[in-house]
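Let the sequences and hints guide you as you build the complete structure.
Single-letter residue listing:
Protein chains: 2
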Amino acid sequence: TGAQDSKGKIGTRDYNPKQMAIREKVFNTIISCFKRHGAETIDTPVFELKETLTGKYGEDSKLIYDLKDQGGELLSLRYDLTVPFARYLAMNKITNIKRYHIAKVYRRDNPAMTRGRYREFYQCDFDIAGQYDAMIPDAECLKIVYEILHELDLGDFRIKVNDRRILDGMFAVCGVPDDKFRTICSTVDKLDKMSWEDVKKEMVNEKGLSEQAADQIGEYVSMQGGMDLAEHLLQDQKMSQSKQACAGLSDIKLLFSYLQLFQVTDKVVFDLSLARGLDYYTGVIYEAVLTQAGVASVTTEAQNGAPGSTEESVSVGSVAGGGRYDGLVGMFDPKGRKVPCVGVSIGIERIFSIMEQKAEVSAEKVRTTEVQVMVASAQKNLLEERLKLTAELWNAGIKAEVMYKKNPKLLSQLQHCEESGIPLVAILGEQELKDGVVKLRVVATREEVSHTVDIHTAPHLRTI
Amino acid sequence: TGAQDSKGKIGTRDYNPKQMAIREKVFNTIISCFKRHGAETIDTPVFELKETLTGKYGEDSKLIYDLKDQGGELLSLRYDLTVPFARYLAMNKITNIKRYHIAKVYRRDNPAMTRGRYREFYQCDFDIAGQYDAMIPDAECLKIVYEILHELDLGDFRIKVNDRRILDGMFAVCGVPDDKFRTICSTVDKLDKMSWEDVKKEMVNEKGLSEQAADQIGEYVSMQGGMDLAEHLLQDQKMSQSKQACAGLSDIKLLFSYLQLFQVTDKVVFDLSLARGLDYYTGVIYEAVLTQAGVASVTTEAQNGAPGSTEESVSVGSVAGGGRYDGLVGMFDPKGRKVPCVGVSIGIERIFSIMEQKAEVSAEKVRTTEVQVMVASAQKNLLEERLKLTAELWNAGIKAEVMYKKNPKLLSQLQHCEESGIPLVAILGEQELKDGVVKLRVVATREEVSHTVDIHTAPHLRTI
Numbered sequence: 005t006g007a008q009d010s011k012g013k014i015g016t017r018d019y020n021p022k023q024m025a026i027r028e029k030v031f032n033t034i035i036s037c038f039k040r041h042g043a044e045t046i047d048t049p050v051f052e053l054k055e056t057l058t059g060k061y062g063e064d065s066k067l068i069y070d071l072k073d074q075g076g077e078l079l080s081l082r083y084d085l086t087v088p089f090a091r092y093l094a095m096n097k098i099t100n101i102k103r104y105h106i107a108k109v110y111r112r113d114n115p116a117m118t119r120g121r122y123r124e125f126y127q128c129d130f131d132i133a134g135q136y137d138a139m140i141p142d143a144e145c146l147k148i149v150y151e152i153l154h155e156l157d158l159g160d161f162r163i164k165v166n167d168r169r170i171l172d173g174m175f176a177v178c179g180v181p182d183d184k185f186r187t188i189c190s191t192v193d194k195l196d197k198m199s200w201e202d203v204k205k206e207m208v209n210e211k212g213l214s215e216q217a218a219d220q221i222g223e224y225v226s227m228q229g230g231m232d233l234a235e236h237l238l239q240d241q242k243m244s245q246s247k248q249a250c251a252g253l254s255d256i257k258l259l260f261s262y263l264q265l266f267q268v269t270d271k272v273v274f275d276l277s278l279a280r281g282l283d284y285y286t287g288v289i290y291e292a293v294l295t296q297a298g299v300a301s302v303t304t305e306a307q308n309g310a311p312g313s314t315e316e317s318v319s320v321g322s323v324a325g326g327g328r329y330d331g332l333v334g335m336f337d338p339k340g341r342k343v344p345c346v347g348v349s350i351g352i353e354r355i356f357s358i359m360e361q362k363a364e365v366s367a368e369k370v371r372t373t374e375v376q377v378m379v380a381s382a383q384k385n386l387l388e389e390r391l392k393l394t395a396e397l398w399n400a401g402i403k404a405e406v407m408y409k410k411n412p413k414l415l416s417q418l419q420h421c422e423e424s425g426i427p428l429v430a431i432l433g434e435q436e437l438k439d440g441v442v443k444l445r446v447v448a449t450r451e452e453v454s455h456t457v458d459i460h461t462a463p464h465l466r467t468i
Numbered sequence: 005t006g007a008q009d010s011k012g013k014i015g016t017r018d019y020n021p022k023q024m025a026i027r028e029k030v031f032n033t034i035i036s037c038f039k040r041h042g043a044e045t046i047d048t049p050v051f052e053l054k055e056t057l058t059g060k061y062g063e064d065s066k067l068i069y070d071l072k073d074q075g076g077e078l079l080s081l082r083y084d085l086t087v088p089f090a091r092y093l094a095m096n097k098i099t100n101i102k103r104y105h106i107a108k109v110y111r112r113d114n115p116a117m118t119r120g121r122y123r124e125f126y127q128c129d130f131d132i133a134g135q136y137d138a139m140i141p142d143a144e145c146l147k148i149v150y151e152i153l154h155e156l157d158l159g160d161f162r163i164k165v166n167d168r169r170i171l172d173g174m175f176a177v178c179g180v181p182d183d184k185f186r187t188i189c190s191t192v193d194k195l196d197k198m199s200w201e202d203v204k205k206e207m208v209n210e211k212g213l214s215e216q217a218a219d220q221i222g223e224y225v226s227m228q229g230g231m232d233l234a235e236h237l238l239q240d241q242k243m244s245q246s247k248q249a250c251a252g253l254s255d256i257k258l259l260f261s262y263l264q265l266f267q268v269t270d271k272v273v274f275d276l277s278l279a280r281g282l283d284y285y286t287g288v289i290y291e292a293v294l295t296q297a298g299v300a301s302v303t304t305e306a307q308n309g310a311p312g313s314t315e316e317s318v319s320v321g322s323v324a325g326g327g328r329y330d331g332l333v334g335m336f337d338p339k340g341r342k343v344p345c346v347g348v349s350i351g352i353e354r355i356f357s358i359m360e361q362k363a364e365v366s367a368e369k370v371r372t373t374e375v376q377v378m379v380a381s382a383q384k385n386l387l388e389e390r391l392k393l394t395a396e397l398w399n400a401g402i403k404a405e406v407m408y409k410k411n412p413k414l415l416s417q418l419q420h421c422e423e424s425g426i427p428l429v430a431i432l433g434e435q436e437l438k439d440g441v442v443k444l445r446v447v448a449t450r451e452e453v454s455h456t457v458d459i460h461t462a463p464h465l466r467t468i
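Quick mapping for you: the protein sequence lines, in order, are chains G and Z.
Note that my numbering numbers the first sequence so that position 463 is 467, with each residue one more than the last.
Note that my numbering numbers the second sequence so that position 459 is 463, with each residue one more than the last.
Among the clues, some could well be false.
Copies of the same chain look alike in the list, so a pair counts if it fits in one copy or across any two.
[As the list claims (entries may be wrong)] Simulated pairs of lysine-lysine, PhoX-like, Cα-Cα distance not exceeding 25 Å: (1) Lys29 <-> Lys403; (2) Lys54 <-> Lys66; (3) Lys29 <-> Lys197; (4) Lys211 <-> Lys184.
Bear in mind the hints are in silico, worked out from the structure with no lab data behind them.
Have a look at this one:
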């Protein structure tokens, strides 16, 4: 339809009941984890003053949605949840908090529906703000990513870890001029999508880096390991010349020692090629990716969803990411007072895509309601009795439905149960009413029992 | 602060953790009720095509937020959840569904913070779409309002019921010209805020109605009752001349018979003064109001919050409203196919205001986390042991916290428990570690017990 086309063009989507049921399940898993770790939650408005968002996202600022100037302040839709969080902390002079925030954010990006990329999408953020001893909250963030990905059962995953200070130190010792750190960093960030050859070309040809510097970077960014690699690099002749790099490497060591206590080192890898896009990171950064097994299903989805569009059938890649940003809150404080922060954002939309695809592939039917019993009748003229019993069930806290027809056919009542997965049907009939009983049928097996109809009926149903 | 001022000016607010905890409790009550009645849920984007919203809200259209034209389609923030719902049904050719939707909507209205009125606010909608036998889904909507207000325990309430057809019939038999129905209807709608004298003045002086017609309307709109009033008006010489009014009155009778079966007639009153603002209603309409006892607390809040602003200390009034809108979906269908709908919107922001005020007045402390146990140590150098035990608790599904310090003072660890209401603290010490036990202290009573530290510790904690 025309409306559907426009919907496509504007890059948003409706969630239908089945998608919502899956979404609720995923949210519950994530929220349970955040709560298990003692997080509070806050909410901020969907729009912020335009000036709040200005100068926080670098090049990506062009993707911010502005509201029309209808008089009053200039407003923009939030681009992420991190900047509003920092604004909230500064505005309320909060110096420590552990909070999660699940809400929609907005980006005027090219939508790629088959990859689960929309212009309106959910973010699930967990952040720890406060002046604490090094790497303890950082380790908890990684533990949380581990727990969530494990519980969601999306297949195998890896959590890559690096540190902005190590990257900057590396650039310095490889001879990258100071003013090119950021742009070279964003080229390094493309290593998950581009070959080293192409990344090198971009560095040398487009960004004017010397071939020698690029090759030295190339050596470092191919390194992966654990605590041992951090130790090795602390001894590295070149790297050890950078104080910044050494600080980062020591922290990586400390981080791994805490990750060992948390028993999550089997999935965490220290990866010098990890750069991450956002400007505001100041220390440790991390990103979780699904390894092939977990990704396969979405590739399939993209192929099914958009025939012929092979470009779309790339891996979902990153499903969580985050890091330390110690300077952001200070940008909103009139006196520049800093509040150190570390956090993680779960890439929930990609996870939804995978879960939806899983639900489609499996034979299992996704229920979109939780109705336990349908109140039906076999004969005509029993509407009043049906309504009365249904109300009794509701009053007893039982999830119950009744058809909104005076004289529905028994078959259509039973069909509704089967379609929406309602396990029980209470069937009223003249004879049963005379006898003061109600027939209770298990929809799946058609087993039937009779129960006396009184106020105890309802509590009784609870136990079934 | 400047930021805070701007925040005030733009008419939005942040929710802090305490407000969120209260909000979560209210949402859970409401969602449980919607689920008990077998509702599915959907979600729609925060912005719609501007044309989707055009011509749906009458005069209030000026309150719609538009997005800036940054290329592409013209977009507006949603003004309510009903129009997006109707658009969703038409677009997906859905002819029956029972769904709830809880989400934020946007209105460029004059914010009145002390009355809990913001430019961004939540709506909680429950709607039943489909061609069914008369008044059965309508009665269920009223039952839902009753259950929610009862469970939220906000004090006594009344649910006023009327029907657009009765209003229109009444206007006709009182001699209101056809083209003045709508404007006279919106004057009648002011009866909850203005005296009859003032309403009459507006009708006669501003809207040019004859004094005689106004007086006749005045007689009708003072009428309140139940099924008996509907019966009485069906016999009324004047009213019975209008076919429309008779259809509405018969349905009110039928509605009350179903409400009797649902045992909710003690709170429902047929009130001919109820008009409701929105254009799209076609049949039964209703509105729930808190009666004085329930309202008092918010009056107090307004007085405390804004000293001297007596204007603000009005009653919170309506806390739920809705009705039947059989024509809206057809407006979005290319062939104009109609889908009859009836629904209710819970005035959640007003309910939040009351609940927040209640929480403030009561001595009871609102917990913002659900942490069950804090892992603490009495001596220095036990960080590793604390982290290890905490991870064990997390892995066992227990909500646990640990301080992010190498050597926190026992006192500050205990203080944190008291401040955030954590009931248990597990205290590690050298001796206990040697003995393989952990001291578990009940924070409130300071009772202590020792437990062997092994993987059974965690499940054991669950039962406390």
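Evaluation of the provided hints:
1. Lys29 <-> Lys403: Answer is both: 19 Å inside a copy and 19 Å across each meet the 25 Å cutoff.
2. Lys54 <-> Lys66: both (12 Å within a copy, 22 Å between copies)
3. Lys29 <-> Lys197: Neither. Shortest intra-copy (31 Å) and inter-copy (44 Å) distances fail the 25 Å Cα cut-off.
4. Lys211 <-> Lys184: Close inside one copy (8 Å), not across copies (71 Å); limit 25 Å.
Comparing the model with each earlier hint shows a violation of hint 3 alone; every other hint is respected.
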